[in-house]
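Here the protein sequences come in this chain order: A and B.
In terms of the working numbering, the first sequence is residues 16 to 413.
In terms of the working numbering, the second sequence is residues 179 to 474.
Be careful, since some hints might not be right.
Said to hold, decoys possible - Covered by chain B, per the in silico footprint, the following chain A stretches (three or more residues, Cβ under 8 Å): (1) 94 to 107; (2) 360 to 374.
Claimed, not checked - Sample of chain B residues facing chain A (criterion: CB under 8 Å; computed from the structure): (3) LEU239; (4) TRP327; (5) TRP328; (6) SER367; (7) ASN369; (8) PRO386; (9) VAL393; (10) LEU417; (11) PHE418; (12) VAL421; (13) LEU452; (14) LEU456.
Derived from the structure by calculation, the hints contain no laboratory data.
All C-beta atoms in this analysis are idealised placements derived from N, C-alpha and C, irrespective of residue type, glycine included.
Below, each chain spelled out in residue letters.
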Amino acid sequence: MRKIFDDIRVVETGLGRNPVYVGLSSLKWAVFLMSLVAVVTLIATLFPQGMEDEFYLATFGERLFHVYDSLGLLAVLRSWWFMVLFVLLFAALVLCTHARVREGQYRGSSGTKLYETEFSVPKTSDDIMLIFPVLLSSIGFRRRRIIHDEKRTEVVAVRGVSPWVSSVLLHSSVGLLLVGLVWSYLFSWGGSLRLEKGRVSRLPASRTETRWSTFQKGLFPAGAGQDGSDDLRLELLQFTKEYSPAPQDLIMPGVEKRLPVRSVPRAEIVYEGGGEVRLLRDWQSRLRVTRGSRSRIIRVSAGRPQEVFGVSVSEGYFSGDVSLIRIRSDPGRTLLRLGAFFLVLFTAMRLYMYSYALRVEISGLRGGSSRLRIRMRSSGLVSSPPRVARRIAGLLAK
Amino acid sequence: MSCWAEEVVIESVVAQVGCAALHKALLLVSASAYALAVISLVSLARRRPLAELRWFRSLLLLGLLSHVAYTSALVWWLGRPPFFGKTELLSWFAFGCAGLCLVASRWLRSRFVAGWGAACAACVTLWLALTYRPQALPDVAALHNFMVWWYGFATPLGCGVASLAFAAQLRALLCGLRVRGRREHQIDSVNEESMGLLALALVRLGYPLMLSGLVVFVLGSLEAVGRAWFWQRALSAQLFVLVVYTIYLHLSASELLLHRRMFLAQSAAFCGVLVCVLSFDLPQSLMRGLGLGLFL
Numbered sequence: 016m017r018k019i020f021d022d023i024r025v026v027e028t029g030l031g032r033n034p035v036y037v038g039l040s041s042l043k044w045a046v047f048l049m050s051l052v053a054v055v056t057l058i059a060t061l062f063p064q065g066m067e068d069e070f071y072l073a074t075f076g077e078r079l080f081h082v083y084d085s086l087g088l089l090a091v092l093r094s095w096w097f098m099v100l101f102v103l104l105f106a107a108l109v110l111c112t113h114a115r116v117r118e119g120q121y122r123g124s125s126g127t128k129l130y131e132t133e134f135s136v137p138k139t140s141d142d143i144m145l146i147f148p149v150l151l152s153s154i155g156f157r158r159r160r161i162i163h164d165e166k167r168t169e170v171v172a173v174r175g176v177s178p179w180v181s182s183v184l185l186h187s188s189v190g191l192l193l194v195g196l197v198w199s200y201l202f203s204w205g206g207s208l209r210l211e212k213g214r215v216s217r218l219p220a221s222r223t224e225t226r227w228s229t230f231q232k233g234l235f236p237a238g239a240g241q242d243g244s245d246d247l248r249l250e251l252l253q254f255t256k257e258y259s260p261a262p263q264d265l266i267m268p269g270v271e272k273r274l275p276v277r278s279v280p281r282a283e284i285v286y287e288g289g290g291e292v293r294l295l296r297d298w299q300s301r302l303r304v305t306r307g308s309r310s311r312i313i314r315v316s317a318g319r320p321q322e323v324f325g326v327s328v329s330e331g332y333f334s335g336d337v338s339l340i341r342i343r344s345d346p347g348r349t350l351l352r353l354g355a356f357f358l359v360l361f362t363a364m365r366l367y368m369y370s371y372a373l374r375v376e377i378s379g380l381r382g383g384s385s386r387l388r389i390r391m392r393s394s395g396l397v398s399s400p401p402r403v404a405r406r407i408a409g410l411l412a413k
Numbered sequence: 179m180s181c182w183a184e185e186v187v188i189e190s191v192v193a194q195v196g197c198a199a200l201h202k203a204l205l206l207v208s209a210s211a212y213a214l215a216v217i218s219l220v221s222l223a224r225r226r227p228l229a230e231l232r233w234f235r236s237l238l239l240l241g242l243l244s245h246v247a248y249t250s251a252l253v254w255w256l257g258r259p260p261f262f263g264k265t266e267l268l269s270w271f272a273f274g275c276a277g278l279c280l281v282a283s284r285w286l287r288s289r290f291v292a293g294w295g296a297a298c299a300a301c302v303t304l305w306l307a308l309t310y311r312p313q314a315l316p317d318v319a320a321l322h323n324f325m326v327w328w329y330g331f332a333t334p335l336g337c338g339v340a341s342l343a344f345a346a347q348l349r350a351l352l353c354g355l356r357v358r359g360r361r362e363h364q365i366d367s368v369n370e371e372s373m374g375l376l377a378l379a380l381v382r383l384g385y386p387l388m389l390s391g392l393v394v395f396v397l398g399s400l401e402a403v404g405r406a407w408f409w410q411r412a413l414s415a416q417l418f419v420l421v422v423y424t425i426y427l428h429l430s431a432s433e434l435l436l437h438r439r440m441f442l443a444q445s446a447a448f449c450g451v452l453v454c455v456l457s458f459d460l461p462q463s464l465m466r467g468l469g470l471g472l473f474l
């Protein structure tokens with residue numbers, strides 16, 4: 016608590032003297048790594064990522080496409096060096112947290128501006144000390160230390176969730192998210208399958224043949240994993256499209272195709288056939304998925320994936336009666352979801368929730384009155400030290 | 179087509195055109211009120227505190243009421259929350275800027291910051307009013323997930339707060355430059371330090387909003403919707419803004435605090451916010467006209 020208010024020089028011992036540890040656990044190193052991540056995300060903002068070659072050729076032209084591709088600007092989010100950056104960031108995060116836990120020092124609070132104020136009350140310090148702890152409790156403060164002797168009278172109290180706790184939780188959730196990202200990069204795979212009715216398509220069980228690189232190029236390699244008995248087999252049993260008649264108010268003069276729709280949910284495409292205008296509302300596939308001796312029949316539609324045998328199967332698009340099925344397996348998804356949930360929760364807790372560390376020094380004056388010197392540090396968006404000081408003064412005056 | 183059907187079609191078209199005209203009129207009223215509020219702020223009562231500028235506050239309130247009427251009409255017409263389409267996100271962004279300037283004018287203190295927010299709201303609302311087409315409103319389609327509503331709610335609001343944070347940081351820089359030149363009487367204790375703290379507080383307000391918007395969109399919808407959403411400029415720009423703000427927050431809590439460095443981080447984040455907001459409804463023809471169409 017004293018460290019929050021007083022600038023005490025800490026004598027470094029042990030790991031604190033190791034220059035490598037000090038360098039890697041410093042904020043400068045972490046900020047440098049975050050700056051590199053910022054540059055990568057800037058590149059990802061300017062250049063569309065992970066699209067097919069045809070898209071880039073149409074957008075940039077052949078010459079620029081080759082230049083950008085050779086510089087690796089078109090797939091930075093799935094590049095190995097971006098993941099290395101994440102690993103370094105994770106190491107820096109762990110070391111930074113360790114250093115601060117070891118020092119018992121919390122920069123987030125000690126770095127905030129110190130609020131100081133003084134005022135007098137017509138009561139002796141003994142009288143004040145009789146009511147002051149109760150007064151602090153009544154406005155939500157928890158006492159940490161009370162010193163009341165001949166030399167000095169001092170009260171230290173805190174209120175709210177400790178920023179130290181929320182900060183450690185927040186950084187732990189960032190670590191969880193980073194681990195999930197790297198895990199997902201290493202072990203996730205996926206792709207698309209074109210399924211025709213009555214034909215069985217096989218998905219190789221070996222993830223080395225079904226990485227995202229092949230996904231980006233299009234379909235799975237033909238004939239891969241010929242003798243795999245553990246392959247996932249998909250058979251399209253039924254492919255259905257649901258149409259509905261177009262509402263009359265959608266027939267606008269001069270507009271023929273792809274009318275945006277407000278009254279019919281999930282309608283995207285206007286289908287014109289035989290002079291009749293119809294809306295395609297939905298399309299779905301009924302699939303038999305087999306792995307080894309086990310078999311399951313599922314129904315998938317656009318935007319509603321199904322989990323089966325550890326992979327996520329969802330409906331993509333279609334061409335005539337050929338259904339495009341998307342397959343995805345991501346073992347890091349749980350970590351990602353957990354990390355993201357806790358990150359949002361603890362970020363809001365760290366930045367929004369108030370926290371006060373208060374130190375009041377009481378000194379006696381002539382004539383039976385006392386002078387209170389209040390020093391307060393606060394964190395959290397809704398915190399307001401002047402408001403708390405005014406409240407304390409008001410309650411004491413009563 | 180029978181006569182009855184023709185009548186129905188004509189009535190529907192008339193109703194749609196009437197609805198569009200009403201929406202446009204409400205948006206134009208909002209934009210005009212916001213613009214007049216900026217003019218009143220610039221021209222009237224330069225020596226009075228921001229919170230006492232009645233004309234500014236009244237005009238802003240008028241603009242907001244008109245904006246609320248537009249949003250209510252839109253909700254009635256669409257039959258769902260207005261947090262999906264590009265038009266709706268831009269409208270919410272403008273509403274957030276103007277609302278914050280009105281509600282928190284005492285907290286913002288600076289006329290520059292409040293004027294910036296109102297000007298942002300005026301420009302975006304005017305752009306919406308001029309380019310408004312009710313037929314272009316998208317349907318819910320696959321984006322029926324509640325989490326996507328949160329994206330539509332939180333992200334434009336976060337962007338609005340972020341633009342005000344940039345204005346506050348810019349004001350802090352201007353205060354610093356002005357102090358070196360000549361000292362001026364400052365109303366509402368607007369100085370380099372207070373504006374720096376205001377920028378920090380605004381970043382702290384906007385950061386969880388943007389973060390939650392990005393996270394729920396990516397986790398709740400990206401996977402479900404599929405490959406068509408694999409890369410989105412608005413989301414990448416939002417990620418960039420968040421990374422820069424993370425650096426900013428770490429700088430603010432450390433001994434590395436330097437106002438120039440903070441301004442640099444704020445400027446980078448603001449560029450990201452600009453890209454993010456433009457990507458809600460990218461005026462591609464305008465960007466191409468300016469020669470910036472290379473990366474569209």
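May I ask which of the numbered hints given earlier this structure violates, with the numbers listed in increasing order? Violated hints (numbers, rising): 1, 3, 4, 5, 6, 7, 13, 14; every other hint is consistent with the structure.
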